[in-house]
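Q: All chains, please: the whole structure from these sequences, using the hints.
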Amino acid sequence: MSQQAVHDWIRKTVAGNDVVLFMKGTKNFPQCGFSSQVAQILGHLGVEYQDVNVLDSAEIRDGIKGFTNWPTIPQLYVKGEFVGGCDIIREMFQAGELHQLLEEKGIAHHPATMTA
Amino acid sequence: MPMKAKEIEGLIRARFPDAEVTIRDLAGDGDHYAAHVVTSEFKGKSRVQQHKMVYDALDGRMGGVLHALALTTAPPKD
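Sequence order for the protein chains is D and W.
Note that our numbering has the first sequence beginning at 26, numbered continuously upward.
Note that our numbering has the second sequence beginning at 8, numbered continuously upward.
Hints were generated in silico from the structure; no laboratory data involved.
Every residue gets a Cβ at the ideal spot worked out from N, C-alpha and C, and that includes glycine.
Any given hint could be a false lead.
To be verified - Derived lysine to aspartate or glutamate pairs resembling DMTMM-like cross-links, with alpha carbons at most 25 Å apart:
hint, chain 1, residue 1, chain 2, residue 2
1, W, LYS11, W, ASP66
2, W, LYS52, D, GLU106
3, W, LYS50, W, ASP25
4, W, LYS52, D, GLU129
5, W, LYS84, D, GLU106
6, D, LYS49, W, ASP66
7, D, LYS90, D, GLU106
8, W, LYS50, D, GLU116
9, D, LYS49, W, ASP25
10, D, LYS90, W, ASP66
11, W, LYS52, D, GLU116
12, W, LYS59, W, GLU14
13, D, LYS49, W, ASP32
14, W, LYS59, D, ASP43
15, W, LYS59, D, GLU84
What the hints assert, rightly or not - Label pairs and their in silico Cβ distance ranges:
hint, chain 1, residue 1, chain 2, residue 2, range
16, W, ASP25, D, ALA30, 21 to 31 Å
17, W, ARG31, D, GLY41, 38 to 48 Å
18, D, MET26, W, HIS43, 19 to 29 Å
19, W, ALA34, D, GLY41, 23 to 33 Å
20, W, ASP38, D, ARG36, 13 to 23 Å
21, W, LYS13, D, GLU128, 35 to 45 Å
22, D, GLY68, W, ASP66, 34 to 44 Å
23, W, GLN56, D, GLY91, 35 to 45 Å
24, D, ASN94, W, ASP25, 21 to 31 Å
25, W, GLY35, D, ARG36, 40 to 50 Å
26, W, LEU33, D, HIS69, 20 to 30 Å
27, D, MET26, W, GLY67, 21 to 31 Å
As the list claims (entries may be wrong) - Residues of chain W placed beyond 10 Å of chain D at every Cβ, according to the derived structure:
hint, residue
28, THR29
29, GLY35
30, ARG54
31, ALA64
32, PRO83
33, LYS84
A: What follows is the structure, encoded as structure tokens:
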């Protein structure tokens with residue numbers, strides 16, 4: 026696949042799914058601690074999301090870094106917009122901002138709970 | 008040992024001379040760090056923008072030789 030084709034595929038994936046997590050491994054079997062943390066947070070919030078395992082494809086693994094201009098995996102997209110990587114998602118979750126974002130974007134999720 | 012804490016700190020300070028940089032070696036193995044960066048240059052910037060500025064300061068090392076850098080950023084408190 027050309028880089029253009031990879032970027033087109035990513036663009037289509039983030040446009041066609043409300044919440045997409047580019048991660049190492051899958052939501053049920055994360056293969057990296059950072060990806061695992063974000064999957065856990067989304068699971069805790071009860072958010073339905075599409076997982077994309079970048080370990081399945083070197084083209085997507087490199088492609089997503091260029092597409093977002095962000096050097097690391099995981100990467101979370103909500104309604105076609107890049108929200109952040111692991112550190113930002115964790116900070117937003119702890120500050121209640123992730124919950125607020127889901128609310129604003131109309132994404133179904135569990136009601137707010139205090140974080141542990 | 009891919010990168011020393013001092014080296015990471017030096018790259019960040021070179022880009023943000025006023026920055027307060029705190030680096031912790033999480034596992035004692037020289038490969039898993041946490042960095043906290045506070046600089047006036049983050050004022051008015053989103054979290055994503057702030058992190059991108061630090062990644063730019065690290066000049067391609069993030070995601071490469073530097074696999075595990077847990078990053079938190081903030082503008083100074085007034």
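Q: Could you run down the list of hints and mark each one as holding or not?
A: Against the structure, the hints come out as follows:
no.: 1; hint: W:LYS11 <-> W:ASP66; verdict: 15 Å, holds
no.: 2; hint: W:LYS52 <-> D:GLU106; verdict: 17 Å, holds
no.: 3; hint: W:LYS50 <-> W:ASP25; verdict: 13 Å, holds
no.: 4; hint: W:LYS52 <-> D:GLU129; verdict: 20 Å, holds
no.: 5; hint: W:LYS84 <-> D:GLU106; verdict: 29 Å, violated
no.: 6; hint: D:LYS49 <-> W:ASP66; verdict: 23 Å, holds
no.: 7; hint: D:LYS90 <-> D:GLU106; verdict: 14 Å, holds
no.: 8; hint: W:LYS50 <-> D:GLU116; verdict: 18 Å, holds
no.: 9; hint: D:LYS49 <-> W:ASP25; verdict: 36 Å, violated
no.: 10; hint: D:LYS90 <-> W:ASP66; verdict: 14 Å, holds
no.: 11; hint: W:LYS52 <-> D:GLU116; verdict: 16 Å, holds
no.: 12; hint: W:LYS59 <-> W:GLU14; verdict: 18 Å, holds
no.: 13; hint: D:LYS49 <-> W:ASP32; verdict: 23 Å, holds
no.: 14; hint: W:LYS59 <-> D:ASP43; verdict: 24 Å, holds
no.: 15; hint: W:LYS59 <-> D:GLU84; verdict: 22 Å, holds
no.: 16; hint: W:ASP25 <-> D:ALA30: 21 to 31 Å; verdict: 44 Å, violated
no.: 17; hint: W:ARG31 <-> D:GLY41: 38 to 48 Å; verdict: 40 Å, holds
no.: 18; hint: D:MET26 <-> W:HIS43: 19 to 29 Å; verdict: 39 Å, violated
no.: 19; hint: W:ALA34 <-> D:GLY41: 23 to 33 Å; verdict: 39 Å, violated
no.: 20; hint: W:ASP38 <-> D:ARG36: 13 to 23 Å; verdict: 34 Å, violated
no.: 21; hint: W:LYS13 <-> D:GLU128: 35 to 45 Å; verdict: 43 Å, holds
no.: 22; hint: D:GLY68 <-> W:ASP66: 34 to 44 Å; verdict: 35 Å, holds
no.: 23; hint: W:GLN56 <-> D:GLY91: 35 to 45 Å; verdict: 18 Å, violated
no.: 24; hint: D:ASN94 <-> W:ASP25: 21 to 31 Å; verdict: 25 Å, holds
no.: 25; hint: W:GLY35 <-> D:ARG36: 40 to 50 Å; verdict: 42 Å, holds
no.: 26; hint: W:LEU33 <-> D:HIS69: 20 to 30 Å; verdict: 23 Å, holds
no.: 27; hint: D:MET26 <-> W:GLY67: 21 to 31 Å; verdict: 24 Å, holds
no.: 28; hint: THR29; verdict: 14 Å, holds
no.: 29; hint: GLY35; verdict: 17 Å, holds
no.: 30; hint: ARG54; verdict: 5 Å, violated
no.: 31; hint: ALA64; verdict: 12 Å, holds
no.: 32; hint: PRO83; verdict: 17 Å, holds
no.: 33; hint: LYS84; verdict: 15 Å, holds
Hint compliance for this structure: hints 5, 9, 16, 18, 19, 20, 23, 30 are broken, all remaining hints hold.
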